[in-house]
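If you're matching them up, the sequences are chains F and U in order.
Per numbering that gives the first Met the number 0, the first sequence runs over residues 0 to 390.
Per numbering that gives the first Met the number 0, the second sequence runs over residues 0 to 378.
FYI, nobody ran anything at the bench for these hints, they're computed from the structure.
Built from N, CA and C at the ideal position, the CB exists for glycine as well.
One should not assume that every hint holds.
Claimed, not checked - Okay, derived cross-link-like pairs now, BS3-like style, lysine-lysine, Cα gap no bigger than 27 Å in a straight line:
| # | chain 1 | residue 1 | chain 2 | residue 2 |
| --- | --- | --- | --- | --- |
| 1 | F | K220 | F | K194 |
| 2 | U | K326 | F | K384 |
| 3 | F | K384 | U | K370 |
| 4 | U | K257 | F | K258 |
| 5 | F | K234 | F | K384 |
| 6 | U | K370 | F | K263 |
Said to hold, decoys possible - Far from chain F, some chain U residues (derived; all Cβ distances over 10 Å):
| # | residue |
| --- | --- |
| 7 | D3 |
| 8 | Y4 |
| 9 | L49 |
| 10 | A132 |
| 11 | N134 |
| 12 | N150 |
| 13 | A225 |
| 14 | E290 |
| 15 | L295 |
| 16 | K298 |
| 17 | E302 |
| 18 | E304 |
| 19 | D306 |
| 20 | K326 |
| 21 | M356 |
| 22 | F366 |
Single-letter residue listing:
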Amino acid sequence: MDIALAAEDLAFRDEVCNFLDTEFDAEMQAHLKSKGTTGMVAWQRKLHAKGWVAPNWPEEHGGTGWTATQKYIWESERSLRGIPDVVPFGLVMVANVIMGFGSDEQKEYFLPRILNSDDWWCQGYSEPGSGSDLASLKTKAERDGDDFIINGAKIWTTYAQHADWIFCLVRTDNSGKKQEGITFILVDMKSEGIKVNPIIGIDNEHNLNEVEFNNVRVPAKNVVGEVGKGWTVAKALLAHERTGIAGVADIKRTMRLIKDAAAKETNGGQRMLDDAGFQQRMADIEVELMALEFTELRTLATMAAGGFPGPESSLLKIKGTELQQATQELRMELAAYYQGVLPTNMDPSVLGHEFGSDARRAFMYGRAATIYGGSNEVQKNIISKYVLGLE
Amino acid sequence: MNFDYTEEQQMVRDSIARFVQDDYDWDTRRAIVDGAEGMSRDNWQTFAELGWLSIPFAEADGGFGGSVIDLSVVMEELGKGLVVEPFFPTVVLFGGLVSRAGDEAQRTSILEGVIGGETLGAFAYVERQSRYALNDCKTSATSSGDGYTLNGEKVVVFNGENADKLVVLARTSGEQFDAHGLSLFLVDANAQGVSKVLYPMMDAQRVANITFDNVQLGADALLGDAGSALEVVNAVIRDALLALASEAVGIMGTLNAKTLEYTKTREQFGVAIGSFQALQHRMVDTMMAFEQSKSLLFKALCEYEIDPASADTTIHALKVLIDRNSKLVYGEAIQMHGGMGITDELDIGHYAKRLMMINATLGDGSFHRSKFIEQTYAA
């Protein structure tokens with residue numbers, strides 16, 4: 000048992016740090032804060048130029064070929080600097096499906112465009128009537144010659160307002176079990192009959208949407224995998240990558256922001272960092288976070304050795320999101336009525352407190368973390384069935 | 000980076016697991032606990048023969064020269080079997096102090112007996128008023144002739160009933176709360192002026208209050224340097240906290256496994272109670288509590304291997320987490336066993352009591368959280 004990194008991993012870490020510290024400069028930081036997608040596209044293209052935009056892709060398709068340890072180092076160094084991850088819908092999600100199940104034609108057309116951030120993707124899974132019970136989805140695709148005609152609606156579609164393409168689970172057959180008769184299909188967002196309705200989030204931002212499909216005609220060649228096997232395809236996607244899922248480095252960074260702010264904020268002349276109650280709240284989170292970091296490393300070590308992650312990996316999503324929310328909550332309390340309980344972001348000069356960034360927005364948007372990607376309650380169902388063997 | 004046990008560590012683990020499986024079933028353990036000494040001398044001899052008592056000691060002292068991870072493996076397995084024989088007080092505390100503070104003559108004369116299973120030891124450090132503060136020490140050792148005269152009282156001395164030899168923390172100079180001026184003394188448990196009040200703790204271990212009334216000690220009774228005992232005591236406590244955390248992890252894993260098994264077989268309303276989502280989600284919570292505790296233990300062990308002192312903050316965190324998570328685990332284990340869970344007959348309650356004892360040993364969660372805060376947020 001030891002935690003030392005090998006010499007080549009240490010060298011790799013130096014290279015990563017050097018790259019990030021050089022390329023994530025003030026200009027890029029400002030660019031990323033701007034509205035819309037141009038900042039993110041610019042950053043992703045910079046990563047692509049370095050060959051690092053797709054750590055999880057195999058080398059043959061333009062991935063990095065990194066080991067599990069290298070991916071972990073990359074994730075940690077990126078998060079610690081507050082650099083956003085690439086937008087996952089194209090580079091992580093649909094790319095994995097296309098690489099695993101797509102036709103040669105789909106691979107040749109889509110993968111290079113995804114690598115170069117030419118297309119912006121969104122995910123069409125949830126429906127107004129299908130949340131955690133995803134297999135109950137009703138959006139219908141009916142065969143018409145070489146095409147499918149899609150009718151229905153998808154919801155909670157992040158960034159649909161920017162998207163060029165949407166990958167959807169649609170129902171092509173109603174006759175069997177509800178998991179059967181689902182098909183995975185790629186739809187051009189410019190198709191006639193698609194309407195995007197904005198949903199303003201609890202964070203007052205427009206990230207979420209409802210996407211309506213009214214007789215949308217989609218070529219059958221856009222089906223990924225076999226017609227009727229979409230559930231299998233979707234499940235393979237859910238099982239894709241487990242490292243980094245706990246977001247330990249992100250949570251560490253939030254704790255650092257909290258400590259920095261608590262050293263400046265005062266109550267009755269006493270620094271919040273010296274407040275016994277506040278110290279206990281921080282300590283309770285940090286203790287759990289230190290443990291989670293090693294739970295993540297245990298998973299990583301198993302994977303690096305070529306093994307399949309054990310039961311310890313199942314809790315990464317649950318514990319990670321719980322801790323994310325706990326840190327966001329603490330940060331909100333520190334921001335209080337200076338930047339916390341305001342309806343939208345306000346010029347810090349009005350109240351004279353600078354919290355570096357958006358405690359409120361992170362807290363409000365962060366509520367989604369325990370809901371998306373399979374709610375934490377669904378995760379517990381999965382663990383009790385597959386890890387504990389309870390039926 | 001790896002978190003695997005070595006082949007040697009796996010062999011030790013398997014050998015203890017086999018002992019628990021074959022020779023330490025619940026009825027056997029109950030008979031030992033109810034017996035005159037509250038431990039089995041035969042078992043202790045077996046531990047010696049199998050080499051377990053030698054594991055943490057240096058090869059030069061006749062030991063196995065094991066690492067803290069080796070010790071952790073032993074403690075986790077002993078925890079799983081709820082082994083009541085005094086490994087922790089004799090080997091980890093008493094043996095640890097002699098091995099770290101003793102001169103060659105002391106190490107030679109004492110550790111041989113510990114390793115061979117002939118000598119049982121104890122560390123007398125708690126006083127009526129001291130709770131978890133080691134510096135709060137009224138027991139005094141004053142110079143007399145070539146040696147010392149020991150006066151005072153120690154309470155809740157683990158293995159105090161059966162120990163042949165004691166290491167006693169006593170003040171040789173300074174005031175009651177001074178960190179300096181403390182020294183360690185080797186005292187024969189049968190020496191003139193030593194008297195004991197015996198009682199068991201809730202986890203069935205036998206302890207004692209020990210009074211020292213003008214006990215005369217030779218110069219060779221002093222263990223380590225006079226006046227600076229806390230340094231070596233803290234080093235031994237670092238090992239001891241990791242040992243206790245390892246034992247707690249073993250117990251938590253066992254409680255979870257027993258509870259899971261029970262919910263799969265116990266039927267109510269015509270179905271196994273493990274089919275109820277209300278229980279399933281809580282068993283996921285206890286599983287996570289166990290895995291998280293184990294992860295933090297691994298972090299502490301890995302840091303210790305690089306530099307023991309560098310692990311201190313993590314060890315405080317570990318005691319906090321073990322305190323919190325063990326309460327969840329034993330609480331749910333009792334609850335899910337229903338009426339049986341609150342009987343003396345079932346083992347569940349006894350595992351719970353050992354966890355409660357561990358939480359109260361060498362500082363509880365609140366105590367260590369304060370230490371963690373001191374080290375982490377100090378201005």
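Hint-by-hint comparison with the structure:
1. K220/F / K194/F: Satisfied, since the Cα-Cα distance of roughly 23 Å is no more than 27 Å.
2. K326/U / K384/F: Holds: K326/U and K384/F sit about 25 Å apart, inside 27 Å.
3. K384/F / K370/U: Between K384/F and K370/U the Cα gap is close to 40 Å, so the pair fails against 27 Å, i.e. violated.
4. K257/U / K258/F: 42 Å, violated
5. K234/F / K384/F: 16 Å, holds
6. K370/U / K263/F: 23 Å, holds
7. D3: 7 Å, violated
8. Y4: Since the minimum Cβ distance to chain F is about 7 Å, Y4/U lies within 10 Å and the statement is violated.
9. L49: 22 Å, holds
10. A132: 19 Å, holds
11. N134: Holds: least Cβ distance 22 Å, greater than 10 Å.
12. N150: 38 Å, holds
13. A225: With a cut-off of 10 Å, A225/U remains clear of chain F, as the shortest Cβ separation is near 36 Å.
14. E290: 5 Å, violated
15. L295: Violated, because the least Cβ-Cβ distance between L295/U and chain F comes to about 4 Å, which does not exceed 10 Å.
16. K298: 4 Å, violated
17. E302: Answer for E302/U: violated, closest chain F Cβ roughly 8 Å.
18. E304: It is violated; E304/U is separated from chain F by about 6 Å at its closest Cβ, not greater than 10 Å.
19. D306: Fine: 12 Å to the nearest Cβ keeps D306/U off the interface.
20. K326: Its Cβ never comes within 10 Å of chain F, the nearest being 14 Å, so this holds.
21. M356: 21 Å, holds
22. F366: With a cut-off of 10 Å, F366/U remains clear of chain F, as the shortest Cβ separation is near 12 Å.
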